[in-house]
Amino acid sequence: MIRARDIHKSFGAKKVLRGISFEVEKGESLVVIGGSGTGKSVLLKCLLGLERANAGTVEVAGLTDPKPQILAAQVGMLFQGGALFDSLPVWQNIAFRLMRGRARLSHSDAQALAIEKLARVGLGPETAHLFPAELSGGMQKRVGLARAIAGDPPVLFFDEPTAGLDPIMAAVINALIREVVSDLGATAVTITHDMRTVHDVADRVAMLHEGNFYWQGSAREAFETDDPVMRQFTQGLTEGPIPTLR
Amino acid sequence: MTVFATLGATGRATAGILGTMGRVIAFTGQALMWTFRPPLHWRELLVQLVQIGWLSLPVVGLTALFTGGALALQIYAGSARFSAEFAVPSITAIGMVRELGPVLGGLMVAARVASSIAAEIGTMKVSEQIDALRTLAVEPMQYLTVPRLLAATLAMPVLVAVGDAIGILGGYAVGVSRLGFDGPTYLRNTLDFLEFWDVGSGMVKGAVFGFLVALSGCYFGMHSGRGAQGVGEATKSAVVLASILILTANYLLTEAFFSA
Ligand SMILES: Nc1ncnc2c1ncn2[C@@H]1O[C@H](COP(=O)(O)OP(=O)(O)OP(=O)(O)O)[C@@H](O)[C@H]1O
Ligand SMILES: [Mg+2]
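Chains as they are written, first to last, in my numbering: chain H, 1 to 246; chain A, 1001 to 1260.
If you're looking for bench data, these hints aren't it; they were derived computationally from the structure. Mixed in with the good hints, there may be bad ones.
[As the list claims (entries may be wrong)] Just a sample of chain A residues kept apart from chain H, beta carbon distances all over 10 Å, derived:
hint, residue
1, Leu1007
2, Val1024
3, Phe1036
4, Pro1039
5, Ser1127
6, Thr1135
[Unchecked claim] Have a look at the derived ranges for each label pair, beta carbon to beta carbon:
hint, chain 1, residue 1, chain 2, residue 2, range
7, A, Ile1017, H, Lys14, 37 to 43 Å
8, H, Leu237, A, Phe1036, 58 to 64 Å
9, A, Ile1017, H, Gln232, 29 to 35 Å
10, A, Pro1038, H, Ser136, 34 to 40 Å
11, H, Phe11, A, Val1003, 50 to 56 Å
12, H, Glu239, A, Ile1017, 52 to 58 Å
13, H, Thr238, A, Gly1232, 34 to 40 Å
14, H, Thr238, A, Val1050, 52 to 58 Å
In this text, a Cβ means the ideal position worked out from N, Cα and C, and glycines have one as well.
Looking at chain H on its own, in the form it has when it is part of the complex:
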């Protein structure tokens, strides 16, 4: 479903991705972990075609190096910062894509769909008519999640879906991601710093380190491995091979 081959991406002299290659099978949930600033968000943007890689090819849903607009019906994306449209109320944010194009929904259908998706991320129908600026950070994140899953896309990218949420809400979101993957057969790539998410969501875990997937394995292996880099990261130790000054 997703295939990346030898992706290189630099910003100026700074090499962020250094020849990364991997595949994600249809219906698989890959969780990507890695230090802050190692290029996880950049990796997702390369997969989506939002950032152009300096070298390498990407294949998503059968399309090679696609433009993001062409992927729109195939891929739902939750941005790290939510990226909600300030000028539109929550329900129009969620139904944004479905209210445009040939098969557009009517206003009332779009609103009903938005309210249904809001319920799935633990938000009541009264949220639908608020504007993004009236929401807390965690609420914005969940609306972004509702927008990502709105069109039931076969591929989903989540950039830190539980960041800024309380532990109960984080568990709700983890369960939701698990559900769209197992029930709807979606393929998901989730970036997280939350070890609960790794545990609950991952079929496979990949650790991004120094521009490459340094380690891959199951969630269970991720917590049990003796690898010093993985151990330091999953247990959050200050002592170890990963420097704390980055």
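Place chain A with the ligands on chain H using the hints.
Below, chain A with the ligands alone, put in the same frame as chain H:
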């Protein structure tokens, strides 16, 4: 050493300006191309017509009112030197509709609209909303730039026409209350001497200025740097470029319309 340093700095600045000009021209070409591609985002266009046109009326109207008044005073002072006071109404009107209406209106709209467009689009870029648009099958040029360009190009001529009327009114008020003109005579003098192309040329200028204002705002918004500083820089550059383009275009259009 300092000579070389100065030369080097001048060279870099020139290269920078030329580079920006090239990118602005390329951006204009792209924007025009997207303008003629369906779909047109109607709702956005209406919102922008209100934002750019309707909400600019107070600023443009006040500017025109005081400019018309001041113009009448100056022209009276000038024409009194060779006993040609009777020309005050017509020259005030011509100065207003041909030159000051469109130029000052354009500059006020540049300050109000180029800045807000650049800040809004720049903030959208910084907060990844532009990326989000693309992942939701919408082309940002078509959704953000085209409606603003169209709205500004359509609204500015109307703003100029309204400004013309208010400016002439300002001249009339000063003429009648301060300079001792007879009200009906002042108005008749204004209307008799004003030709259609005087007003029409000003409105054409307005359309061009409106386009340039929205273009500067959109260009710098779309190319905004990261963070609050990037957006601030974009806003400033948009107003500066819009103002320079308006003044340059005004001279060129005046040459084209009225020389020979
Ligand atoms: N548009 C850009 N221009 C310049 N540098 C960038 C840009 N985008 C990302 N970077 C740099 O690329 C590196 C990776 O950024 P990225 O956002 O992918 O980190 P991340 O792994 O998602 O971190 P976090 O966990 O903190 O979100 C960072 O050092 C960042 O400074
Ligand atoms: Mg990130």
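These are the hints, each one checked on the structure:
Against the 10 Å criterion, Leu1007 of chain A stays outside the reach of chain H, whose nearest CB is about 27 Å from its own CB. In this structure Val1024 of chain A is separated from chain H by more than 10 Å, as the shortest Cβ-Cβ distance comes to about 22 Å. Every CB of chain H lies more than 10 Å from the CB of Phe1036 of chain A, the least distance being 18 Å, so the non-interface label holds. Remark: the non-interface label on Pro1039 of chain A conflicts with the geometry, its nearest Cβ contact in chain H lying 8 Å away (cut-off 10 Å).
In this structure Ser1127 of chain A is not separated from chain H by more than 10 Å, as the shortest Cβ-Cβ distance comes to only about 6 Å. With 10 Å as the threshold on Cβ separation, the claim that Thr1135 of chain A sits away from chain H is violated: the shortest Cβ distance comes to roughly 5 Å. Between Ile1017 of chain A and Lys14 of chain H the beta carbon distance is about 28 Å. The supplied range of 37 to 43 Å is therefore violated. A beta carbon spacing of about 60 Å between Leu237 of chain H and Phe1036 of chain A agrees with the range 58 to 64 Å that was offered as a hint.
Separation of Ile1017 of chain A from Gln232 of chain H is about 50 Å and departs from the stated range, judged on CB atoms against 29 to 35 Å. Under the hint 34 to 40 Å, the C-beta atoms of Pro1038 of chain A and Ser136 of chain H, about 39 Å apart, fit the expected range. Restraint check, Phe11 of chain H to Val1003 of chain A: a C-beta distance of roughly 36 Å breaks the suggested window 50 to 56 Å. Checked against the given bound of 52 to 58 Å, the beta carbons of Glu239 of chain H and Ile1017 of chain A, roughly 53 Å apart, stay inside it.
Here the CB-CB span from Thr238 of chain H to Gly1232 of chain A is close to 37 Å, well matched to the stated 34 to 40 Å. The hinted range of 52 to 58 Å is satisfied by Thr238 of chain H and Val1050 of chain A, whose Cβ atoms lie roughly 56 Å apart.
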